[in-house]
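Whole structure, please, built from the sequences with the hints as guidance.
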Amino acid sequence: MKRIVLVRHSEEPGDDHAQTTLEANGHAVTTAMPFKGEAIDLENIDGAVIYGGPFNVFDTDKHPFLDHEAALIEHCLENDLPLLGICQGAQQIAWHLGADVGPVASGIREFGYFEIVPTAEAGDFLDRPLFLPQNHFHTFALPAGAVHLASSETFPNQAFRIGDKTYALQFHAEQGPAGFKRWQERQGAPYGTLGAQDRDEQDRLMEAHHVAQLAWFSGFVTKLFG
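In case it helps, our numbering puts the sequence shown at residues -11 to 214.
Everything labelled a hint here was simulated from the structure, so no lab data went into it. Just so it is clear, the structure is predicted and the values come from calculations on it, not from any experiment. Hints are supplied without guarantee of correctness; some may be wrong.
Unchecked claim - Result set (DMTMM-like, lysine to aspartate or glutamate): computed pairs, CA atoms no more than 25 Å apart in a straight line:
1. LYS153 x ASP55
2. LYS153 x GLU109
3. LYS153 x ASP115
4. LYS211 x ASP55
5. LYS153 x GLU62
6. LYS211 x GLU31
7. LYS211 x ASP47
8. LYS153 x ASP68
9. LYS24 x GLU62
10. LYS211 x ASP152
11. LYS24 x GLU11
12. LYS24 x GLU(-1)
13. LYS50 x GLU(-1)
14. LYS169 x ASP88
15. LYS169 x ASP188
16. LYS153 x ASP88
17. LYS(-10) x ASP49
18. LYS169 x GLU109
19. LYS211 x ASP49
20. LYS153 x ASP49
21. LYS169 x GLU11
22. LYS(-10) x ASP188
23. LYS153 x ASP112
24. LYS169 x GLU31
25. LYS(-10) x GLU11
26. LYS169 x ASP34
27. LYS50 x ASP29
28. LYS24 x ASP112
Stated by the list, open to error - Quick list of the computed label-pair ranges, beta carbon to beta carbon:
29. ALA200 x PHE46: 32 to 40 Å
30. GLU141 x THR210: 39 to 47 Å
31. TYR179 x PRO117: 20 to 28 Å
32. ASP3 x ALA177: 13 to 21 Å
33. ASP188 x THR210: 17 to 25 Å
34. ASP68 x THR181: 15 to 23 Å
35. ARG192 x ARG116: 18 to 26 Å
36. ALA58 x GLU11: 33 to 41 Å
37. ARG174 x ALA132: 30 to 38 Å
38. THR142 x ARG116: 13 to 21 Å
Even for Gly, the Cβ is constructed at its ideal location relative to N, Cα and C.
Structure follows, in structure tokens:
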């Protein structure tokens, strides 16, 4: 059993595939929400997941809690602990390691289910293309020493790893149908914006690809965290 902290940037139910897989594997899972002032106990963790969220990773003056999350990233890197960053969490890892993060000049985004393609360096991270959930318009450059793992047609940097235990994923493979439907129904969902799929297309792709998504992601989480 490992002690895994889940760092969230919104008050979402714990029904995502990262949390449910970790719990099914017998790990002791705790949640921290630093944006609400909650502390992360760095001395009592064996790994971490940093989720997506609405915060610009470079706005540390506006959001000082991001510095506390940077300390978590550094702690995991220094102590060779498994670390998974998802969307904003991935951008935080890239930013912490000196890479550029922000929106693209075209203003395009990905909101829906998009094909993620492994790179030649992906190895056993991903052995075939998969359609996976997305909800972002920022992207990251690859930090020094990163291994580029995956891309999409619109955003070439979709995943990287540092060493063997730190992974950054732009896409939301953790998000199952229940969670993605909450995003679809959220006030201000970005339908009609450049790059966003309409809801019918999202629902069709969700139905067609979720089983493969869950099989891949649960296997990935199990391998990373044990």
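Hint-by-hint comparison with the structure:
1. LYS153 x ASP55: Answer holds: LYS153 to ASP55 is near 21 Å, not above 25 Å.
2. LYS153 x GLU109: Holds, at roughly 16 Å.
3. LYS153 x ASP115: Status holds; Cα separation ~18 Å.
4. LYS211 x ASP55: violated, 29 Å
5. LYS153 x GLU62: holds, 13 Å
6. LYS211 x GLU31: This hinted pair holds, its Cα atoms lying about 23 Å apart.
7. LYS211 x ASP47: Violated. LYS211 to ASP47 sits at ~33 Å, over the 25 Å cutoff.
8. LYS153 x ASP68: holds, 7 Å
9. LYS24 x GLU62: holds, 21 Å
10. LYS211 x ASP152: Satisfied, since the Cα-Cα distance of roughly 11 Å is no more than 25 Å.
11. LYS24 x GLU11: holds, 24 Å
12. LYS24 x GLU(-1): Roughly 10 Å between the alpha carbons, so the hint for LYS24 and GLU(-1) holds.
13. LYS50 x GLU(-1): holds, 20 Å
14. LYS169 x ASP88: With Cα atoms ~31 Å apart, LYS169 and ASP88 exceed 25 Å; violated.
15. LYS169 x ASP188: holds, 12 Å
16. LYS153 x ASP88: holds, 22 Å
17. LYS(-10) x ASP49: violated, 33 Å
18. LYS169 x GLU109: violated, 33 Å
19. LYS211 x ASP49: violated, 36 Å
20. LYS153 x ASP49: violated, 29 Å
21. LYS169 x GLU11: Answer holds: LYS169 to GLU11 is near 23 Å, not above 25 Å.
22. LYS(-10) x ASP188: Violated: LYS(-10) and ASP188 sit about 40 Å apart, past 25 Å.
23. LYS153 x ASP112: holds, 14 Å
24. LYS169 x GLU31: violated, 36 Å
25. LYS(-10) x GLU11: At roughly 10 Å apart (the allowed maximum being 25 Å), GLU11 and LYS(-10) satisfy the hint.
26. LYS169 x ASP34: violated, 32 Å
27. LYS50 x ASP29: Holds - the C-alpha atoms of ASP29 and LYS50 are around 23 Å apart, at most 25 Å.
28. LYS24 x ASP112: violated, 37 Å
29. ALA200 x PHE46: 32 to 40 Å: holds, 34 Å
30. GLU141 x THR210: 39 to 47 Å: Violated, at about 29 Å.
31. TYR179 x PRO117: 20 to 28 Å: 25 Å Cβ-Cβ, so the 20 to 28 Å window holds.
32. ASP3 x ALA177: 13 to 21 Å: holds, 19 Å
33. ASP188 x THR210: 17 to 25 Å: Violated, since ASP188 and THR210 (Cβ atoms, about 33 Å apart) do not stay within the stated range.
34. ASP68 x THR181: 15 to 23 Å: At roughly 40 Å between Cβ atoms, THR181 and ASP68 fall outside 15 to 23 Å, so the hint is violated.
35. ARG192 x ARG116: 18 to 26 Å: holds, 20 Å
36. ALA58 x GLU11: 33 to 41 Å: 27 Å Cβ-Cβ, so the 33 to 41 Å window is violated.
37. ARG174 x ALA132: 30 to 38 Å: Given a distance of about 36 Å, which is inside 30 to 38 Å, the answer is holds.
38. THR142 x ARG116: 13 to 21 Å: holds, 20 Å
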